[in-house]
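> Working from the sequences, and respecting the hints, build out all of it.
Number of protein chains: 4
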Amino acid sequence: MPVARVHLVPAAAPDDVSGLEALIAAGRLDPSGILAIFGKTEGNGCVNDFTRGFATRALTDALAAHVGREKAAAVCYVMSGGTEGAMSPHWTVFERLEDAPGEENHGPRPALAIGRVHTADLPPEHLGRMGQVELVAAGVKAAMKQAGIRAARDVHFVQIKCPLLTAQRIGEAEARGADVAVRDTLKSMGLSRGASSLGVALALGEVARDRLGDDVVCRDWSLASGRASASAGVELLNHEIVVLGRSADWSGPLTIDHAVMADAIDTEALRKALDRLGLHAAGQLDRAQQARLVAVLAKAEASPDGSVRGARHTMLDDSDISSTRHARAFVAGALAGLVGRTMIYVSGGAEHQGPPGGGPVALIVER
Amino acid sequence: MPVARVHLVPAAAPDDVSGLEALIAAGRLDPSGILAIFGKTEGNGCVNDFTRGFATRALTDALAAHVGREKAAAVCYVMSGGTEGAMSPHWTVFERLEDAPGEENHGPRPALAIGRVHTADLPPEHLGRMGQVELVAAGVKAAMKQAGIRAARDVHFVQIKCPLLTAQRIGEAEARGADVAVRDTLKSMGLSRGASSLGVALALGEVARDRLGDDVVCRDWSLASGRASASAGVELLNHEIVVLGRSADWSGPLTIDHAVMADAIDTEALRKALDRLGLHAAGQLDRAQQARLVAVLAKAEASPDGSVRGARHTMLDDSDISSTRHARAFVAGALAGLVGRTMIYVSGGAEHQGPPGGGPVALIVER
Amino acid sequence: MPVARVHLVPAAAPDDVSGLEALIAAGRLDPSGILAIFGKTEGNGCVNDFTRGFATRALTDALAAHVGREKAAAVCYVMSGGTEGAMSPHWTVFERLEDAPGEENHGPRPALAIGRVHTADLPPEHLGRMGQVELVAAGVKAAMKQAGIRAARDVHFVQIKCPLLTAQRIGEAEARGADVAVRDTLKSMGLSRGASSLGVALALGEVARDRLGDDVVCRDWSLASGRASASAGVELLNHEIVVLGRSADWSGPLTIDHAVMADAIDTEALRKALDRLGLHAAGQLDRAQQARLVAVLAKAEASPDGSVRGARHTMLDDSDISSTRHARAFVAGALAGLVGRTMIYVSGGAEHQGPPGGGPVALIVER
Amino acid sequence: MPVARVHLVPAAAPDDVSGLEALIAAGRLDPSGILAIFGKTEGNGCVNDFTRGFATRALTDALAAHVGREKAAAVCYVMSGGTEGAMSPHWTVFERLEDAPGEENHGPRPALAIGRVHTADLPPEHLGRMGQVELVAAGVKAAMKQAGIRAARDVHFVQIKCPLLTAQRIGEAEARGADVAVRDTLKSMGLSRGASSLGVALALGEVARDRLGDDVVCRDWSLASGRASASAGVELLNHEIVVLGRSADWSGPLTIDHAVMADAIDTEALRKALDRLGLHAAGQLDRAQQARLVAVLAKAEASPDGSVRGARHTMLDDSDISSTRHARAFVAGALAGLVGRTMIYVSGGAEHQGPPGGGPVALIVER
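Residue numbers (the working numbering), protein chains in the order written: chain A, 1 to 367; chain B, 1001 to 1367; chain C, 2001 to 2367; chain D, 3001 to 3367.
Hints were generated in silico from the structure; no laboratory data involved. You may find that some hints are simply not true.
Part of the chain B face toward chain D, derived, beta carbon under 7 Å [unchecked claim]:
hint, residue
1, Ser1018
2, Thr1166
3, Asp1317
Okay, the calculated bits of chain C under chain B, using three or more residues with CB under 8 Å as the criterion [stated by the list, open to error]:
hint, region
4, 2003-2014
5, 2052-2060
6, 2275-2284
Virtual Cβ for every residue (Gly too), placed ideally from N, Cα, C.
Structure, rendered in structure tokens:
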């Protein structure tokens, strides 16, 4: 029976694999069991953020030395750029341990379960449209099956790395006579995240198929998934999908739950989820509680109506700093103030991921 | 006996005075009693942030129409640029009401007291040096006296608007043969804030005079004030000093206290101060509590050692976004997550204002 | 018979009117004859550039003291934000002198002629659509008539200041049930400039009406004006239109011509126009020639196909700096290298202004 | 007798080595002869520009597949970040061909000669001080010797890649009790470039040793090299030095000369150098001339006095965009306007490289 292990590893630079190597050398991480690595890297998280590709290359090279090129390439590297504010660059390594080495790894069931798939390449002209929604929905179902998660309600986080358009890719599509959904490359990141998230919502039954269509993507904000997290990156042309949930097929000390923040300061939703997981906090988590909190995975975005609880924000009118950077910094502050640490994963752009201006947050804890 | 009134007014743009005008028109604000206006304006908060000067001009013009040019010019306009994240642009108007119109304004004493002064112009070559420290210390004492605050311990916030160096001002000083402390204009903002804050620390007895000198400014971070808040702006050549505290000479429903955050996520310090003021919060303040919280005035900075609680941050290595902008966004998120609103005043650059990486926070509440 | 005078005035800050005041005090500029002031101000030239509004306020106040509020408000203030690279902030003041004071002002005819109009406010939902095209076209014709310019071929520059969408304006329109052309505020600037420029093209007969429609704006780049220059700004809701050309109804020493740069480095087009105006330059203009060159008015944009003469550029993929800022800096360098000075007016965003990636340049010289 | 070959290769991304591979596959580039690769990569060119490290890794990996890890590591990879404006990302590959394959490679002598060395690692506390100056001067002399360039006057370009300080490196040095020259990481790049350039000036006899000292670095701007080009990068701890000049020991069709621009728009200096090399241009180089111009290597900086030919610039007061980015965009425009192409190498930060605000430009042409 498999056991899920999750390792938080600080990164001193986008290509810093020393922490990963140290875990492997110490026998605490088996490289052959790694299914996925989520990274927070220190680029701008937008179109020209090459820290993601740099990190993926460094991580792949490092793993290849242990498990070979082919197996290293099959790992899902989900690099989310942008460590604004005091957010700390790090890797979250998801490991599937087939034969748990000791009793301490066998906790009550159901336990944290992990599934992952890679989709086929997405043609640029499908980006932000139903072609992308369907491709992702099929991928999510495949990942659930792989993880042994039977019911949609047992899925608590779906991380998707999706492609974006660049001037070059648009040119290639247009040279073929194809019409892309948008020519603004930064905006293409939003459309890609939005269509991917609707794909999750479709797979999990959060939105019915007949409400979907090309014209709702990044337009009808009433349609959303409470468990999707999508990041767009220049370094891939397909999707990498990682499903996190609970399954009776898995054992081990870890479990997972999620909250949906209604807006950028809805820390109460997170506090209630911590409560459900046994971390009762008046104010900030104390040190013992912080030690049990393995990972915080969140999405953030500037509320599209230009305000939070009636007060105007300026994130969408700032031409010097992308609103995704503003939102990550701010929401990371709100979450860190509650959980007491800055090594958290806050990813920008939450189109169709939770309500407008809010977003899903998943919590992985040791029971 | 004077009563202090504090008004929070949303600003739709740096020159939006419509909210101020509405308060005056409604008889809820007497323009002749305004001592100071603190503004959070939506510029970058750095050297070339002209939203501060634009706001000051608009506010001055508006008040001049009510009280005349001379009286309008005597108001302390402390414009702090930068509403990163979801922070909401607004004015905080400090009013001294000589004859409180009704019983509802007479609360227990001591109550919130306000003092303000303008210093003489600072020669560019004194910026960041003892000349500036002494000038500010004298100003703080004058403002305390004006406010009727006798003991240093009754001072809870000292807001200082201080000048910065521009290429032009440096050139003028050097043409006179004078040597400025720094030629990097962005860095001059930090030095000016640092020297001003040490001036507050000197005035309030937080740091002894014999520990001060030109060489400690922005170098010896063990020297700090727990109540200073300094903002640098291109639009002035002198200092504007506003002292907020408690005095038995004042009455009214408002009181004030402060906390010193030890680091960027030390929301517990704030929670304890809220407790002392009667706002006991498990998690976020509820709506009734939020209504009693009149103003949150805070300082934020990137911790100079490059980490928060041992985890690396990237704010000081980011050449695209000033660390002051990162820190404001993040700390605003941490504070807003606790108090439940985004119309808060978080000012960047906390050199010698609280411990390195932390900063003072003042809270004005209705009893 | 009127004489056109054009004054270049350095600006030390967005609200610096000292140079203007000095000219007036010296009797070299009659404030009552000012038709328009073009400003290059030092903001980011994008959505949240408040230097434009600040400058307009300062200039209006200054003129009002000389000619009264009403006449000051009728001046066209065209503030173009963004002095990237070594471009120097300045005002270009266009004056119509009714009674030329001396013989030195009477040169050969036709001479430089100036016309200006303000249009009505543009409803947000017309922005970027035919409603805006038609409104501008009518305005251009009115301005030509005012200037005494009879033939479209005698028009050499049409400067238009047009509005943009903000989160707030979009919200207002949508609250009325109206549908805006775009919800991305930065992108709305491009649409507004594009529709305005097509309005110029329509008025000057460069594009036939039957080729125009909502769907060509910022889509069909084969449609363009070789003489339009549009800047979008947050500070206005209507259009300010200034037409510059040659008319036999005007006299004086000044004349005007224009070039259309085919791409960002097409300095040869400019060199030919200088030749036509009698400024024959092998390489950079010499000092005597520089003294005769009164004003350089240019548009710049990143070529939408992502390349210049076959070599890739990265302006459209840079999420840290708007492509408009990149293009202004670069084209200003190309022009300044030829004319030998940095006080030139290069305005960003050249949608439908010259060919894609290129743009119009007007030259005003003393004969 | 060796022949120098120089290849300009477009880069579609920081890790794009396809152009390099194509040249090798076509037999036009012998990977074992590569001495150095200069890259213009599309990062911000400042502290957190990881495109340089990413490019170096990709190029090293690519060459290692051809010539082995050790030989690939010995190549000087000088990655200069920042392709602002229309500057085009590319690699300039410097090859030393021992046995020129045909007559067409044997031109008149002296011809272009190339030397390269790596220095030892620089302790962080030596950065920006005499320790760095001396280390670089010794390196330049070693590189001249290697290239067979006997006289300092035959050196026309010295490219140095030098390290910078990061928060972490400062912390390490301070933990050892060492005192660094500056704690501002962005500023450390300037100091490193400045000290390296004074090292070149010392080696080439442009500045006498007794005029040098810790206190002149980035202070006494009268001291400079007319041939140094230094770029700072986070990815190295030592210096990589490449000397380009003329030597009778080399043959082949290529030669080199240089100009020193007096300010950011001094294109006339460049035009005179083109003249000396046989490229006589009235205005922009024509197509035939462009084909003979192999490489343009230039330095650019914002003039420290805040003006160009008396007109104020705003580059040093802009807190949104580093002055190095402004200067690169602008000067690239000026140079591209003259030479007619955008694939040029303009590197930012010209401390002690040419006069303040100006900088060296080297030209490699085919005779």
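> If you take the shortest Cβ to Cβ gap from Thr1166 of chain B to chain D, is it below 7 Å?
Nearest chain D Cβ about 6 Å off; hint holds.
> Hint Ser1018 of chain B vs chain D: min CB-CB distance below 7 Å?
Not OK, violated: Ser1018 of chain B not within 7 Å of chain D, min 28 Å.
> Are there three or more residues in the region 2003-2014 of chain C whose C-beta lies closer than 8 Å to some C-beta of chain B?
Per the Cβ count (3), the hint holds.
> Using 7 Å as the Cβ threshold, decide whether Asp1317 of chain B counts as touching chain D.
5 Å, holds
> Has the region 2275-2284 of chain C got at least three residues whose CB is nearer than 8 Å to a CB belonging to chain B?
Not satisfied, violated; 0 residues make the cut.
> Under a C-beta cut-off of less than 8 Å, do 3 or more residues of the region 2052-2060 of chain C approach chain B closely enough to confirm the stated coverage?
holds (count 4)
Checked against the numbered hints given earlier, this structure breaks hints 1, 6; the rest are met.
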